[in-house]
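Novice: What follows is the residue order along each chain.
There are 2 protein chains.
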Amino acid sequence: MRGVAIIGCGMTKFGRLEGKDLMDLLAEASLRAIDDAGAGERDFDSVYVGNMMAGELVHQTTIASALVDRINLIPAAAERVENGPASGASAVKNGFLAVASGASDLVLVAGGEKMTAADTDVIGDLVSTMTHPTAEYAHGVTLPAMAAMLTRLYMERYGVTERHLAMVAVKNHANALKNPYAHLQRKCTIEGAMSSIMIADPLRLYYCCPISDGAAALVLCPAEKAKEFSGEPVRIAGFGHATDTHAVQEREDPAVLKSVQLASQHAFKLAKLEPKDIDVVELHDAFEILEIAQSEDAGFFPKGEGHLAVEKGITTLEGELPINPSGGLKARGHPVGATGVAQIVELVWHLRGEAGERQVKDAKRAFACNFGGFGNNTVIHILERMG
Amino acid sequence: MRGVAIIGCGMTKFGRLEGKDLMDLLAEASLRAIDDAGAGERDFDSVYVGNMMAGELVHQTTIASALVDRINLIPAAAERVENGPASGASAVKNGFLAVASGASDLVLVAGGEKMTAADTDVIGDLVSTMTHPTAEYAHGVTLPAMAAMLTRLYMERYGVTERHLAMVAVKNHANALKNPYAHLQRKCTIEGAMSSIMIADPLRLYYCCPISDGAAALVLCPAEKAKEFSGEPVRIAGFGHATDTHAVQEREDPAVLKSVQLASQHAFKLAKLEPKDIDVVELHDAFEILEIAQSEDAGFFPKGEGHLAVEKGITTLEGELPINPSGGLKARGHPVGATGVAQIVELVWHLRGEAGERQVKDAKRAFACNFGGFGNNTVIHILERMG
Chain P
605 MRGVAIIGCG
615 MTKFGRLEGK
625 DLMDLLAEAS
635 LRAIDDAGAG
645 ERDFDSVYVG
655 NMMAGELVHQ
665 TTIASALVDR
675 INLIPAAAER
685 VENGPASGAS
695 AVKNGFLAVA
705 SGASDLVLVA
715 GGEKMTAADT
725 DVIGDLVSTM
735 THPTAEYAHG
745 VTLPAMAAML
755 TRLYMERYGV
765 TERHLAMVAV
775 KNHANALKNP
785 YAHLQRKCTI
795 EGAMSSIMIA
805 DPLRLYYCCP
815 ISDGAAALVL
825 CPAEKAKEFS
835 GEPVRIAGFG
845 HATDTHAVQE
855 REDPAVLKSV
865 QLASQHAFKL
875 AKLEPKDIDV
885 VELHDAFEIL
895 EIAQSEDAGF
905 FPKGEGHLAV
915 EKGITTLEGE
925 LPINPSGGLK
935 ARGHPVGATG
945 VAQIVELVWH
955 LRGEAGERQV
965 KDAKRAFACN
975 FGGFGNNTVI
985 HILERMG
Chain D
605 MRGVAIIGCG
615 MTKFGRLEGK
625 DLMDLLAEAS
635 LRAIDDAGAG
645 ERDFDSVYVG
655 NMMAGELVHQ
665 TTIASALVDR
675 INLIPAAAER
685 VENGPASGAS
695 AVKNGFLAVA
705 SGASDLVLVA
715 GGEKMTAADT
725 DVIGDLVSTM
735 THPTAEYAHG
745 VTLPAMAAML
755 TRLYMERYGV
765 TERHLAMVAV
775 KNHANALKNP
785 YAHLQRKCTI
795 EGAMSSIMIA
805 DPLRLYYCCP
815 ISDGAAALVL
825 CPAEKAKEFS
835 GEPVRIAGFG
845 HATDTHAVQE
855 REDPAVLKSV
865 QLASQHAFKL
875 AKLEPKDIDV
885 VELHDAFEIL
895 EIAQSEDAGF
905 FPKGEGHLAV
915 EKGITTLEGE
925 LPINPSGGLK
935 ARGHPVGATG
945 VAQIVELVWH
955 LRGEAGERQV
965 KDAKRAFACN
975 FGGFGNNTVI
985 HILERMG
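Chains P and D supply the protein sequences, listed in that same order.
Take 605 as the starting number for the first sequence in this note's numbering and just add one per residue.
Take 605 as the starting number for the second sequence in this note's numbering and just add one per residue.
I should point out that these hints are in silico values taken from the structure, not numbers from a laboratory.
Computed from a predicted structure; not experimentally measured.
Among the hints, erroneous ones may be present.
Copies of one chain are not kept apart here, so a pair can be met inside one copy or by any two copies together.
Only pairs whose alpha carbons sit at most 25 Å apart, straight line, appear in this in silico DMTMM-like list of lysine to aspartate or glutamate [to be verified]: (1) Lys873 / Glu924; (2) Lys916 / Asp725; (3) Lys873 / Asp647; (4) Lys916 / Asp625; (5) Lys624 / Glu660; (6) Lys968 / Glu878; (7) Lys831 / Glu645; (8) Lys862 / Asp709; (9) Lys624 / Asp729; (10) Lys873 / Asp649; (11) Lys624 / Glu854; (12) Lys876 / Asp649; (13) Lys965 / Asp805; (14) Lys791 / Asp647; (15) Lys624 / Asp857; (16) Lys791 / Glu915; (17) Lys831 / Glu760.
The shape of chain P in the complex, shown without the other chains (with noise of 0.2 Å):
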């Protein structure tokens, strides 16, 4: 397998775009990223989409073909990944392998999302599509009754209490202060958040990620040739992608996040590292517990100890293992093809030193976590400073 360097990326800010369609994201972020990598003259052999409902939300499909027209990058590949919300990593896995196959040398990758095109109930019951059909979706189970169920869980077998949710929430909305392509830009206190309004008992507003559009873009080629581009480059060290059963109820423990414990363990076999390795971390925060638990069973910390994590302080910028410096899906949004392109997006600019205020020191090593449907399709990415 060759191996395969990030040269470019970009994104859009995230938030309510008013009068930016989805194509008009995808080619913002698409192009930023193309000139971040100095490649606007060179010819793309293949460009991935990481969408989840452009159909469904903005009534276009075959979305990759026509962003390649937009962007002028006609004749290369392009093809739409769905995978939920991990569409976006999805992409990002299958841009790398194209590169790593020796069968592209230049390749576009970009997700985007424009969420806010439809009602929120609307979007609530499309989000709710990627349940399972019978056991799931049709006894009315949304993504926020599914969180909080297993924020019960964890609340009554390991001591989580709603303070370590308000607190995961007030360091990520802090993060995202200091991240100018963040949705939700505005400080959150533990008392605002434990006051917030009840959407699942007992997850309220602050513990939710809100509706987000909003694109980001990566352009991947061969490490060996990344020296011919300017921007600096990341090595993708190692991926892993897992999936776990479609209806969280015939899981051996609904507690257990099986998916990242499989999809983590490859990509550090592949990468040759181990958790203690890594620098600075984006986690699918969808729901303030999904931290708690992907940090978990990522391999940072022990089963049922990510929220005494939380508690020391230790997942903050400042901390020992900074989770969530763009502000995480809670304050940097969720539109959701776009989450996978954008966490990756945000840990190079780490791993250049480009994160500005928000950067965490002498990053060498960065994780991301893609989850997709209710942790039934997680994709993990390790990346590495080159230089």
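Got chain P; can you put chain D on it based on the hints?
Specialist: Chain D only, in chain P's frame:
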């Protein structure tokens, strides 16, 4: 790049399949392919699902995760690939790259669509969502209308007549009569075709494909491991993938399918073969004019002479270059996401000598063209007998 072999294949019957939902179809085709490979006891690394419109048609997203659960392939990696009508071949290409890169040793590729889940006018609109939103869709352009315009151009410029279109339909229906998997298993006569109702002048009903349900699947592994499995292996000798302008009106010559030309040239180069080396072909005749045009732009006949080859019987089962022995999209049917995979399943059967009554004699090398949008995204595969 590692050599990649197809070691198993299977499909459902195509047609209006009452009582079977999309997951039933994908599971049925997948289990047949796995059984064909003798891989029922093996651990799969990755699953790629080609599908255009599950969210829109059957209100289910993340169907790749669902399939992996349904047929017990957890924890295999899984994602859906969407590339309009070329979704199937795009999924095959990415499965190929997963093996070629060394990342996966055993991959399932499935393609499927449940088209009859919606009314015909809904389907007509959904299929049109792949056209350019402002330059085409907003003006009410449909795919049959585009094909009608291409047909008109071919008639004026190259002397194609309605009788040529009818001859392609008659040939493909005759082939489908010998294919138990085909949707339309009934004879079609020149007179019958030429007196069928007008859809988009000059295209009558019999010059357009039907709306079908169905699924098809393949099992891939490294060529050097093919002997471990029971199915007679077929090598993926080459692939090509190219895009063209989204809006047809922006093409220098709208009668030239440039993405077919470029993708074919790339595939032949990779396979170190030429058009004359090919024994059997599957083309994307969603409309009969496309079989003629693709046979030229893929390099089998000079531009403007595809219809002469039809006249001479060259493309019949007994001819020098049989095209669409399966019955093609016209008569085997066109469940959009399944088509690109089904084309390859058909060709594998011919290369193995398992195509029954419609077997192309001593077929050693085969060519498949899966055509996305209205020619803005084409994926080509070239297959070769390994024995």
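Novice: Next, verify each hint and record whether it holds.
Specialist: Structure-based check of all given hints:
Within a single copy, Lys873 and Glu924 get their C-alpha atoms as close as 22 Å, which meets the 25 Å cut-off; across copies the closest is 52 Å, which misses it. In this assembly of identical chains, Lys916 and Asp725 lie within 25 Å of each other by CA distance neither inside one copy nor across copies; the values are 38 Å within and 59 Å between. For a Cα distance limit of 25 Å, the shortest separation of Lys873 from Asp647 across copies, 19 Å, qualifies, whereas the shortest one inside one copy, 34 Å, does not. Taking the shortest alpha-carbon separations for Lys916 and Asp625, neither the intra-copy value of 42 Å nor the inter-copy value of 51 Å comes in at or below 25 Å.
In this homomeric assembly, Lys624 and Glu660 come within 25 Å of each other (Cα to Cα) both inside a single copy, at 17 Å, and across copies, at 23 Å. Only within a single protomer do Lys968 and Glu878 lie at most 25 Å apart by alpha-carbon distance; the minimum there is 13 Å, versus 49 Å between protomers. For the homomeric pair Lys831 and Glu645, the shortest alpha-carbon distance inside one copy (16 Å) is at most 25 Å, but the shortest distance between copies (45 Å) is not. In this assembly of identical chains, Lys862 and Asp709 lie within 25 Å of each other by CA distance solely across copies; the values are 22 Å between and 34 Å within a copy.
In this assembly of identical chains, Lys624 and Asp729 lie within 25 Å of each other by CA distance both inside one copy and across copies; the values are 23 Å within and 24 Å between. For a Cα distance limit of 25 Å, the shortest separation of Lys873 from Asp649 across copies, 15 Å, qualifies, whereas the shortest one inside one copy, 29 Å, does not. For the homomeric pair Lys624 and Glu854, the shortest alpha-carbon distance between copies (24 Å) is at most 25 Å, but the shortest distance inside one copy (41 Å) is not. Only between protomers do Lys876 and Asp649 lie at most 25 Å apart by alpha-carbon distance; the minimum there is 20 Å, versus 29 Å within a single protomer.
With identical chains, the CA atoms of Lys965 and Asp805 are never at most 25 Å apart, being 38 Å at best within one copy and 67 Å at best between copies. Taking identical chains as interchangeable, the C-alpha atoms of Lys791 and Asp647 are never at most 25 Å apart, the minima being 44 Å within one chain and 48 Å between chains. Taking the shortest alpha-carbon separations for Lys624 and Asp857, neither the intra-copy value of 43 Å nor the inter-copy value of 32 Å comes in at or below 25 Å. Taking the shortest alpha-carbon separations for Lys791 and Glu915, only the intra-copy value of 19 Å comes in at or below 25 Å, while the best inter-copy value is 74 Å.
Taking the shortest alpha-carbon separations for Lys831 and Glu760, neither the intra-copy value of 52 Å nor the inter-copy value of 52 Å comes in at or below 25 Å.
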